[in-house]
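A.B. asks: So the protein lines, in turn, are chains P and B.
Note that the working numbering gives residue 33 to position 33 of the first sequence, counting from 1, and the numbers run on in steps of one.
Note that the working numbering gives residue 177 to position 177 of the second sequence, counting from 1, and the numbers run on in steps of one.
By construction, these hints were calculated from the structure, which means they are not laboratory data.
Every residue gets a Cβ at the ideal spot worked out from N, C-alpha and C, and that includes glycine.
Don't take each hint at face value.
Said to hold, decoys possible - Reference listing, derived: stretches of chain P covered by chain B, where coverage requires no fewer than 3 residues with Cβ under 8 Å from a Cβ of chain B:
hint	region
1	29-41
2	53-65
3	246-255
What the hints assert, rightly or not - What follows is a set of in silico ranges between Cβ atoms, one per label pair, in the way DEER data are often shown:
hint	chain 1	residue 1	chain 2	residue 2	range
4	B	Asp-20	P	Arg-281	54 to 62 Å
5	P	Ala-15	B	Pro-137	49 to 57 Å
6	B	Gly-100	P	Asp-196	53 to 61 Å
7	P	Asp-114	B	Ala-194	41 to 49 Å
8	B	Ala-10	P	Thr-67	27 to 35 Å
9	B	Gly-100	P	Arg-7	22 to 30 Å
Number of protein chains: 2
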Amino acid sequence: MTFEFDRGIAVTARADGAFDADLDGGWVVGGGVNGGYLLAVIGNAVRQVLEPAGHVDPFSVSAHYLTASVPGPATVETRVVRQGGRFSTVAATLSQDVDGVATPRISALATYGDLDRAHDATTDAAAEALHLALPPPDLPPREECLRSSDAPEEVKKIAPLLDRFGTLLDPACAMWAVGRPSRRGVIQGWFKLADDRPLDPIALLMVVDALPPTTFDLGMPGWAPTLELTAHVRAKPAAGWAVVRHATRTVAGGLFEEDCDVWDSTGRLVAQSRQLALQPR
Amino acid sequence: MTFEFDRGIAVTARADGAFDADLDGGWVVGGGVNGGYLLAVIGNAVRQVLEPAGHVDPFSVSAHYLTASVPGPATVETRVVRQGGRFSTVAATLSQDVDGVATPRISALATYGDLDRAHDATTDAAAEALHLALPPPDLPPREECLRSSDAPEEVKKIAPLLDRFGTLLDPACAMWAVGRPSRRGVIQGWFKLADDRPLDPIALLMVVDALPPTTFDLGMPGWAPTLELTAHVRAKPAAGWAVVRHATRTVAGGLFEEDCDVWDSTGRLVAQSRQLALQPR
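Using the sequences and the hints given, assemble the complete structure.
C.D. replies: Rendered as structure tokens:
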């Protein structure tokens, strides 16, 4: 395997049916390992479970984040809840050993199918006739955007995952980096992996949590731990730069929701997510 | 118990720790029992499990719908995944006996806490300072809206659940009822239960799936089975009429996402949900 994302999400099936994973320290951000990367690790294990059924693509993955993960060994246990004709559903738990005790980090439910079979001429023509395809936001050209991997070294020490990405942030939503947040609760930009690993449905599970939390744009820097994140993969992404937009509309009771939309280089919406996260203190 | 919603979601703990439920035929719509009602049944069982921990309110519930439920006996099995200081998470499965075989209908993950403790003066003041509180849509006065329980008898035969609600639909998004869908993919209106049972966090799990699917407004009448639905309860609702808004933005590959927001009578956002559902054929 050539790309660091594939090395990072690699899982090995054990004799007891569980999977061994090794969480890479390069995906650390703030108080833990990035939630999107962890979702892709789980998603990769589920894919291996459902490959014989031909259900290789995540359609909907819901994850409840229980405790913060740390770099190092992890186990993904899976249980097929239902295997069907068009979709299969698997329950999965990612755990880590803490002082000899298996400690659950994330519980997830994942419904998989075959995206190639979902998109046929009939359904796509029907959908197109409805004129309901969310267009990507207008972004400045990439040369006018801010490279997140150009962040100061003291930031990258806390967030080494910035070096995994080729993210180019829309300057209009990135002025929090110089102490002038727009206070709109929006962060958006161009996205690719730093080593140009092509995006695919499993990678999209990571992309939906790859940008800084929208709370940065609200003047609240700091770690915003995810309580729950559900990702829907809507189509296989075409090659090239993706466009990612995060927005929050409601901060209340110490929590905020963050919606993410991802479009591929052709402007097609390929993934959506919503997470409920804790407001930074 | 006086109200039909409470009778409908009642669960009885068995000696083995599972819960018995009896799915009420009054909540049937199209090809199955309403998904929001089923979510409230599961939510009620989870509440009983977490009551000793003081975590009585759903914050985030993710449900993957596996097979269509039918009226009659059902079992809710629960497993505490994590019990913590601020939140606890439970995995739950609702099953029904089909020819002697326990058949899973819904798998869910539920994170509960105490909404009274979430909203304190400090966090609410901080959130208010951010001016990020999604306002409810402008709706016509209730006397100008359309009572969904006034639907023709042949419709109510397919959807007896309409009689459970006092829903008053915004006419601008209800012209599909006379063959003139707006094609915006929006359905909104005023909401209360028919017997004036007050809304509470568990009832909100049902409210997020109580309106007709937005595909009606796209000129696609017919049942739109839910694949996945995640509901976030953001605050305890005040007494009185709620406002509910459903919108879809992307129909693709035979699926559409439907976002729902619920505001209480004071205009406060109290619940949000997103579901991924199958486009009606």
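A.B. asks: Does each hint hold? Answer for all of them.
C.D. replies: Going down the list of hints, with the structure as the test:
1. Counting residues of the region 29-41 of chain P whose C-beta sits closer than 8 Å to any C-beta of chain B gives 0, which falls short of three, so the coverage hint is violated.
2. Counting residues of the region 53-65 of chain P whose beta carbon lies closer than 8 Å to any beta carbon of chain B gives 4, which reaches the threshold of three, so the coverage claim holds.
3. Given a C-beta distance limit of less than 8 Å, the hint that chain B covers the region 246-255 of chain P holds, as 8 residues qualify and 3 suffice.
4. Under the hint 54 to 62 Å, the C-beta atoms of B:Asp-20 and P:Arg-281, about 43 Å apart, miss the expected range.
5. Judged by the Cβ atoms, the range 49 to 57 Å given for P:Ala-15 and B:Pro-137 holds: they are separated by roughly 56 Å.
6. For the hinted restraint 53 to 61 Å between B:Gly-100 and P:Asp-196, the CB-CB distance of approximately 55 Å keeps it satisfied.
7. Checked against the hint of 41 to 49 Å, the C-beta distance between P:Asp-114 and B:Ala-194 comes to roughly 42 Å, which is consistent with it.
8. Our hint of 27 to 35 Å for B:Ala-10 and P:Thr-67 holds, since their Cβ atoms are close to 34 Å apart.
9. Remark: the range hint 22 to 30 Å for B:Gly-100 to P:Arg-7 is contradicted by a beta-carbon distance near 48 Å.
In summary, the numbered hints that this structure violates are 1, 4, 9.
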